[in-house]
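Using the sequences plus the hints, can you model the full thing?
For the protein sequence lines, the chains are A, B and C, in the order given. The opening residue of the first sequence carries number 3 in our numbering; numbering runs sequentially from there. The opening residue of the second sequence carries number 714 in our numbering; numbering runs sequentially from there. The opening residue of the third sequence carries number 109 in our numbering; numbering runs sequentially from there.
Derived by calculation from the structure, the hints in this document are not laboratory data. Nothing here was measured: the structure is a model prediction, and the numbers come from that model. We put the CB at the ideal spot given by N, CA and C, even for glycine. Some hints here could point you the wrong way.
[Claimed, not checked] Pair ranges (Cβ atoms, derived):
#1 C/GLY650 x B/GLY768: 52 to 60 Å
#2 C/GLU618 x B/VAL736: 37 to 45 Å
#3 A/ARG196 x B/PHE737: 57 to 65 Å
#4 B/ARG814 x A/LEU269: 35 to 43 Å
#5 B/GLU777 x C/GLY650: 36 to 44 Å
#6 B/GLU777 x C/VAL571: 47 to 55 Å
Listed here are the chains, written in short residue letters.
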Amino acid sequence: MAVVKKRSSLADGFYSLLAIFAAMVVFFPLYWAMSTSLRNPRDTFTVSGVGVPWLDFEPTLKNWIDQLSTAESVNALANSTIISISATALALLLGLPAAYALARFRFKLIPNKDLTVWFLSQRVLPPVATVIPFFLVMNTFGLLDTHVALILINATFILPFVVVIVRQTFLDLPIELEEAAFVDGASFLQAFLRIALPLALPAVVATALIIFAFAWNEFLFAITIADQNARTIPVHMAGAVDTRGVQFWFMAVRSLIAMIPPVVIALLAQRYIVRGLTLGAVKG
Amino acid sequence: MWSRPARFLFLLPAVVWVLVFTVFPLGYSLGISFSKVENRMEVTRERVPLVDDEGNPVLNTRGEPRTRILVERENITEWSFEGFANYGRIFRDRQAISAVRVTTIFVLVAVTVQLVLGMGLAVLFNRKLPARGLLRSVMILPIFATPIAVGYLFFTIFYEEGGPLSFTGIPWLSNPDWALVSVILVDVWQWTPFAFLVFLAALQGVDEDLLDAARLETESEGQVFFHVILPLLQPVIIIVLLLRLAEALKLFDIPFALTGGGPGIATQSFSFLAFRTGLRYFDVGYASAMAYCMLIVVMIIVTMFFNRLRRIY
Amino acid sequence: MSILRTLLLATAMTAVGAAAASAQTVKWRDDGGADLTLDDGTVLSTAAGELGALFGPGEQPFEGAEITVTVNNSGPKGGISGPLYTFRPIWEELSGGTLNIVELPFGEHYTKMMLDLRNGTGQYDAFMVGAFWYGDIAVGNYGFPINDLIDSGEYPQWDLADMPPALQTLHVWGDDIYGTLNDADGQVLYYRKDVLTDPEWNSQFSAEYGYDIPEPPQTWQQVLDISNFFNGKNWDDNDADPDAGTVLHLKVGEQGHYHFQSLSASFVINPGDEVTRYDNVYWFDPTDMTPLINSPGHVAALEFLQELHKTGPAAQVGWSLGEAWDYFLRGKSVFVFSWGDVGSLVQDEDRSNVKGLLGASILPIAEQYWDFETEEWVDAPEGRQVGNTTGGSWHGVISAYSENPEATYSLLALMAIKPVSMWNASYGWTGVDPGYSYQFLEPLGQATVEDYVAAGWNADDVVDYTQAYYDTFYAPTMLTYLRIPGTFEYWDILDKNLSASMAGEFSAQEALDFTAATWEEITERLGRDEQLRLYHEAIGYGG
Chain A
3 MAVVKKRSSL ADGFYSLLAI FAAMVVFFPL YWAMSTSLRN PRDTFTVSGV
53 GVPWLDFEPT LKNWIDQLST AESVNALANS TIISISATAL ALLLGLPAAY
103 ALARFRFKLI PNKDLTVWFL SQRVLPPVAT VIPFFLVMNT FGLLDTHVAL
153 ILINATFILP FVVVIVRQTF LDLPIELEEA AFVDGASFLQ AFLRIALPLA
203 LPAVVATALI IFAFAWNEFL FAITIADQNA RTIPVHMAGA VDTRGVQFWF
253 MAVRSLIAMI PPVVIALLAQ RYIVRGLTLG AVKG
Chain B
714 MWSRPARFLF LLPAVVWVLV FTVFPLGYSL GISFSKVENR MEVTRERVPL
764 VDDEGNPVLN TRGEPRTRIL VERENITEWS FEGFANYGRI FRDRQAISAV
814 RVTTIFVLVA VTVQLVLGMG LAVLFNRKLP ARGLLRSVMI LPIFATPIAV
864 GYLFFTIFYE EGGPLSFTGI PWLSNPDWAL VSVILVDVWQ WTPFAFLVFL
914 AALQGVDEDL LDAARLETES EGQVFFHVIL PLLQPVIIIV LLLRLAEALK
964 LFDIPFALTG GGPGIATQSF SFLAFRTGLR YFDVGYASAM AYCMLIVVMI
1014 IVTMFFNRLR RIY
Chain C
109 MSILRTLLLA TAMTAVGAAA ASAQTVKWRD DGGADLTLDD GTVLSTAAGE
159 LGALFGPGEQ PFEGAEITVT VNNSGPKGGI SGPLYTFRPI WEELSGGTLN
209 IVELPFGEHY TKMMLDLRNG TGQYDAFMVG AFWYGDIAVG NYGFPINDLI
259 DSGEYPQWDL ADMPPALQTL HVWGDDIYGT LNDADGQVLY YRKDVLTDPE
309 WNSQFSAEYG YDIPEPPQTW QQVLDISNFF NGKNWDDNDA DPDAGTVLHL
359 KVGEQGHYHF QSLSASFVIN PGDEVTRYDN VYWFDPTDMT PLINSPGHVA
409 ALEFLQELHK TGPAAQVGWS LGEAWDYFLR GKSVFVFSWG DVGSLVQDED
459 RSNVKGLLGA SILPIAEQYW DFETEEWVDA PEGRQVGNTT GGSWHGVISA
509 YSENPEATYS LLALMAIKPV SMWNASYGWT GVDPGYSYQF LEPLGQATVE
559 DYVAAGWNAD DVVDYTQAYY DTFYAPTMLT YLRIPGTFEY WDILDKNLSA
609 SMAGEFSAQE ALDFTAATWE EITERLGRDE QLRLYHEAIG YGG
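Pasting the structure below:
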């Protein structure tokens, strides 16, 4: 017995180390960005080892100050925030009622399930198939390089998430509450707004966070449509490459500026990520 | 009650929205893909006197009236039907063939590695571990990290003269084969956590009694895993597989940032090529044809999974 | 929206404690000239009348005008974009207008410009273009010819004749002048003078190769021999690691193909007094647009470049300009052949260990070139020199859609006047490279060594450097510059195939055959007859 126990605790130790190693591998690139962002340009490639601040080099906030004090960075942050929040709000506005409808009402011509899968299938469309016509249409309407164009397209991309995930949440709610409200004379809208929506609120908030992150990260359309006025953080990011090559120090700062909001969201919405990213198919 | 006409008011806005912003552009690009589109601009300019707020002409230093130029433009777009010519080009285009190859290798390798590694990690984290919550939180950090930023970040990591991986001596970005490996590694870094997280959730939902019953039958944990757990997880695995396949096929941001599609065209994905063709060379007909071919592939994959998806939702 | 932006901006400003200082930037002198004060305190004095009749004390001729100019993304202290930022406050004070600078990543700039022009969006007043975009701009009638504005004499004064003829042609199309003077691009050979003239290394070298190290090297073969000799030896004490021979910038999509262009010129171009079917052609056969790019001369040049690549760090296949230049600046390679930026960056001791050790010359030549007519290799004649204007020679071109072409021109002209151009060319970070008569040293030009030394240059470095550029721009044989529509696409294809061959994926012959095949397709698509006509126009072929 004793021998067996010893072996299993040895195994436990091994597996723990393995898990810690995996977490370190995952964390290393983010750590490296932080380390690079704190170095003087001339230290970029001369720092030894894994570049621990203070130990391997004298850290400086110069790169951060340089980047955050340029109007372009501030504008890009503002643009990304405006576009992502607006697109999220729009997608919720359109998607929540549809999610409710697919969870509760019965559609005969096209069954609910097929409608749901149709929404889902929008998500797997290759965006490169729509980028050219979208560009031409936006040009026709004079909407190139505007927030509106990017809000519209991002709302479209993230709408399926809202519909599919929140529908699943509505399905999990007891229908009796709403039916009791109808007996009291409530309309569909009242039942939706006063009963179903508040109960689904945690899932809605988590969904909002997740789709915000997706809108924040969108690059293909942003680089096609935005030049200056609507330049988002990912487009700004691509600008860290100049005609003379990559400025690693700025790149590290910019990539962190870009990544911090969505990464924080990933932590906040942890509980809902599984359901969110599998479009409601797997409950986390 | 639940089938009153009011139900359409809830559903229609979203449906119309998707039709307008997805189906219409897709129809438009289908049209383009069968055409040659020539776009040119006719510009006329007219000099008009510059006036100030009161309507008086503004004079320059020599006392002459200053002028400004009014520009009038007329956009002339000519479409000519080309049949399947654009589609035919794909099969003769060395770049397109290479892009199909690159994308296929990328999708097959990256998705397989993500699923296998994700499952392995999920099994690992399903054990009792010290600080499991913290480690799990670290593991999910990459999921939402901005892909374009991730691409540039790994450019600094794969940098061969002084980057943190330069000690390996591997030509991460300068060798065509390694460059593709590097692109795959970045995607694996970003998306293995997703597979891991979903599988972990599913593992934790597996009924313990069922496993205990299985353990009475066999000594081997491996057998329990392959014969009991894996079949139970099958629906989840298929969902993850489908989502990853569809996402991986879109590959664009990472090569854009990490390699610029190079060296040569060794990491130029199909999306990247279609983007360049349409929005750099302005060969929009051909680019749309490429995009459509890709769309067809995605549709085939979705249809393959359609019945299973219907069962889940 | 704007509130959020203001808040964010205010927060950022407070965070760094930056206070916007508004100093007087333009001071008119009694003699009619003006003193322009730059943000670093430098004062540039203009002569009376140099700023043109339009600008003057108390005059703000373009009050309220808002103009937008695109430029390659390099930031407020980066190449080409930097000077725009530097002269923005000066122009705004002189004109009363507002200047928006739109920085676009190198790979996106052309696209964004063409999308704007083709679709008639007209968001921009001017573009800081590369000369290889002219085919698309001029043929599409998208540019605003500035002949009248120059002739009016009202604007800041600069002269096209200050440029060598080889550069002048890059700023005009037919009789129309589109470009203002700004940047002069061409590749020269930079080398470590101290290393090539070291007697100990020389005796080792001559024992091995049978001849003395020539300074500067005259042929590419000598460059290769020297590179091979020094590669892997620690001949510079910058670090304990071995150093390299020649460093190259070869990253796909980052201007790597220019190395091939300027190196292959002497393998390919047949000398002659005028452009004929066989002489002075490089890109296409001017009789039928058959690509010449896979000719034996081109293939030999690419094979040579592959050999040369082996004498540098393997990672350079993924390097853009900055990484390769820094390698040379850190003292890690004997040679780099690249643009004028290197010479001026060497002077910047924050980045460079090699100030005062710089040698520069016109690019060496191949010992033989491929004769297109007889289809055989011919020994290069005595004293053959082949120059180039490789690169973008980035400069401003006004958009046909600009509603303020005069205001826009006043900015571009301001940046083209002699004191500004001279200042630009003296500092490496501006990315503006010298090539104008007043930048060459007396007696070839009007500058003196002291002018450069005052700007922080090492006196020995500048003599070689300016001479190398003079020779390159005035060489009897020049690499012809491709400016037909679709040049961006022709070059992009070439670039990808070159990159694949440098990475070992294709042989030189394969890479250039593939390029030629794709070029045929592009030509077919764009219309062969039209392309042929424009090609004749662009290279000055009379038939």
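How the hints compare with the structure:
1. C/GLY650 x B/GLY768: 52 to 60 Å: holds (55 Å)
2. C/GLU618 x B/VAL736: 37 to 45 Å: Since the Cβ atoms of C/GLU618 and B/VAL736 sit about 43 Å apart, the hinted range of 37 to 45 Å holds.
3. A/ARG196 x B/PHE737: 57 to 65 Å: violated (36 Å)
4. B/ARG814 x A/LEU269: 35 to 43 Å: For A/LEU269 against B/ARG814, whose Cβ atoms are near 38 Å apart, the range 35 to 43 Å holds.
5. B/GLU777 x C/GLY650: 36 to 44 Å: Once the Cβ atoms are compared, 43 Å apart, the range 36 to 44 Å for C/GLY650 and B/GLU777 holds.
6. B/GLU777 x C/VAL571: 47 to 55 Å: Check passed, 48 Å falls within 47 to 55 Å.
Of the numbered hints listed earlier, the single one contradicted by the structure is hint 3.
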